[in-house]
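Please build the complex by placing chain B on the supplied structure of chain A, with the hints as guidance.
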Amino acid sequence: MESLSNRKKVLEQKPMSFMERIYLPSIFKGLAITFRHMFKKKETVFYPEQTRPVSENWRGMHSLKRDENGKERCTACGLCALACPAEAITMTAAERKKGEEHLYREEKYAAVYEVNMLRCIFCGLCEEACPKEAIYLDGPVVTADYLRKDFIYGKDKLVESPFKS
Amino acid sequence: MSDKVKVTIDGITIDVEAGTSILNAARQIGGDIVPPAMCYYSKLQGSGGKCRTCLVKVSKGSEKDPRPMPKLVASCRTTVMDGMEVQNITSPEVTEARKGVVEILLINHPLDCPVCDQAGECHLQDLSYEHGSEATRYEFERRTFDRIDIGDKIQLHMTRCILCYRCVYTADQITEQRVHGILGRGDAAEISTYIEKAIDNDFSGNVIDVCPVGALTDRTFRFKNRVWFTKPVDAHRDCPTCSGKVTLWYKGEDVIRVTARKDEYGEVEEFICNTCRFDTKKTSDWVIEGPRKINPHSVISANHYTQLMPPSVVRKNPALLEANKEQFERSTKL
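Going line by line, the protein sequences match chains A and B. For the first sequence, the numbering used here begins at 121 and goes up steadily by one. For the second sequence, the numbering used here begins at 1118 and goes up steadily by one.
Don't take each hint at face value.
Each computed DSS-like pair below joins lysine-lysine, with the alpha-carbon atoms no more than 27 Å apart [unchecked claim]:
(1) K269(A) to K1341(B)
(2) K252(A) to K1399(B)
(3) K1177(B) to K1123(B)
(4) K218(A) to K1270(B)
(5) K1341(B) to K252(A)
(6) K1270(B) to K191(A)
(7) K1177(B) to K1167(B)
(8) K1216(B) to K1181(B)
(9) K1167(B) to K1341(B)
(10) K162(A) to K185(A)
(11) K1362(B) to K1410(B)
(12) K1368(B) to K1410(B)
(13) K1379(B) to K1341(B)
(14) K149(A) to K191(A)
(15) K1379(B) to K1398(B)
(16) K217(A) to K1123(B)
(17) K252(A) to K1216(B)
(18) K218(A) to K277(A)
(19) K217(A) to K1341(B)
(20) K218(A) to K191(A)
(21) K162(A) to K149(A)
(22) K218(A) to K1379(B)
(23) K1188(B) to K1216(B)
(24) K185(A) to K269(A)
(25) K1348(B) to K1410(B)
(26) K191(A) to K275(A)
(27) K269(A) to K1379(B)
(28) K1398(B) to K185(A)
(29) K277(A) to K1341(B)
(30) K1442(B) to K1410(B)
(31) K1410(B) to K1433(B)
(32) K149(A) to K128(A)
(33) K1123(B) to K1188(B)
(34) K217(A) to K1368(B)
(35) K1398(B) to K1348(B)
(36) K275(A) to K1123(B)
(37) K1341(B) to K275(A)
It should be emphasised that the hints constitute simulated quantities derived from the structure, not laboratory data. Given the structure is predicted, the values throughout are model-derived calculations rather than measurements.
In isolation and in its complexed conformation, chain B is listed as follows:
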């Protein structure tokens, strides 16, 4: 087993393939020690290294060179070395740095969560809730952009964007030719299409799913309902272009949104096509598999009960029922 390397993350040792990133090694362990990631997306090649939320401390470089790395490193872009020791939540330096990163990510974020359709499944919301501070120190005007419609199905709120480039990589890899990218540089950078050209690719809707914030949202779902009032259900259909495995979001009897299935890190399992996402919103189009498992700590599970038949509060008393019936008959006779 020469291609396996040993890495210790927060005191937990695991053997992983050489060439794995620290983040992926941590994900193989799972649990609290997984660094959060805003820009890294395992399904998109080349993603990562932009948001700096996954910073970790390498306290021992490797077995051969045990010196610690001088600065915190981005775990999504750093590959593991044999005998490496990594500190994530056990290092106060990392927690402090992450707090700073969240503050910088939120500098230009409008925090319009009550209006935003992503609220409830927004990664930035989770991240700032866990690692951020309560108040902002920023006193200047935040950058604002006008809302842009990319095609008739996707809406871009550039104001909310954190420039993670995930959507650009999606457009690069999932679709054949990309029609949107980053315009401008530095502070002026913005995601845009050239001359607001409509995306007419079959898989363009996936940019909605990969977006960690509410910058790219479904126009057909715009202001329809809050995520936590809808009921996610796994379903599939025979789709000629994609796998057809999706999550339907029900409100009452109606499917109000269709998304790809997302795993615990918010990454889609399989990309779905635009026909599945936007055009088939009837229950009859789908084969229902069952309710989607949602993390019980998520706001989406709030007020939802997993038990199908909750135990009755009052025990049934047959004698009493019989007596009540008799009483009722007697009183109606009178």
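Bound conformation, chain A alone:
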């Protein structure tokens, strides 16, 4: 029966020639490709020791920034939590006491700041919402773990380490 679309290709199989039948030329052709690759630049990196360069707009783990004097920038305004579509961020604010001026920039600061890395979708909206330039998603890939509770990252993991003077 003739096909309706008339686009069907009929393949006909010719009998193999002698050179094709001994298969050796094809085998050597294939092996040549394999050997050529041994002298090319390797694409793999030794991952935990070596990391690939990331792109400009890479978004990884969150980090809470400090200002030029080493004070925490976050003032617990809650805009990141409001912007977060996955509701991954929670925080508790506290008032800065006398004598803590070198630790926190504003009179209010985040006493608790938690990001649930299982909920987070790394969209970067918190970064955009932040009026104080306090949060950036410039960290590494969030590592695997065994327990769900260990994915709730607190300030101990998120805050930038203090500057060395």
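Just chain B now, kept in the frame of chain A:
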């Protein structure tokens, strides 16, 4: 009907009582044409005329004298005349003037909204968002004051104050003798109590509600939570001193703040007493009426859903449920 006068605001005509202000006439129409007001407060007599945000253009004075008013007028203090024609949002002059007013109101405002407890229900925030410009042209140092505790429940951030005098009128009218007022004149004017005397009146807490900015805030709510993370619920109780009708602001199970009920213009419906506001913060003290209706455009309604049971994303399939159960039983048996 001789005491009714006809007034046209932005092309919408309405009959109002003689002696009504333009602002109130516009509020009777409602919608976008209502001029914003920072200092006028319908529950406080004599308020208004200070902030100039409600400026409107009167393009026709009245039927008898159809000349336009030479300058923009404050709509909260100008009464309507028969046949008056008013332009608010239809006049570019008014929009321009309002932008200038916002700029002047913000000259000394610290814009510390991330820290301020009023953020989210702040009228100045709304006003500058709608009418203000993005950047400031002010280059000088802003006036700053130290934080003052007025009593143990109210906190005064004079830095944020826009000198609308609402709290002074509240103290004058709601309470019997007022203990705070404006000290100094002009640029040096500040709201203060005489020798930081504590307010010990039953209704003094209402100055928190009438304050359009974060200058007078609740100390018991200070830095507790952001307004938009709390859930407003209408409730009432039998109160011997006030009406007892309030809004409770819940965070989880706890009432973290009690305020009076505010209408769409941010004005309280009824003033409440300090016992209701500060001392009764348990659910058992109140009779819950239901969730408070909040304007869906407000940040307070962000991420809140009005529908009680949102439709399920995946349709329930009883046959599949049954099959899954069988599968589970079989696998556990093995």
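Discussion item. For a quick check of understanding: which of the numbered hints are violated here, in increasing order?
Written reply: Numbers 2, 6, 8, 9, 10, 14, 16, 22, 27, 28, 30, 31, 32, 36 - these are the hints that the structure violates, sorted from lowest upward.
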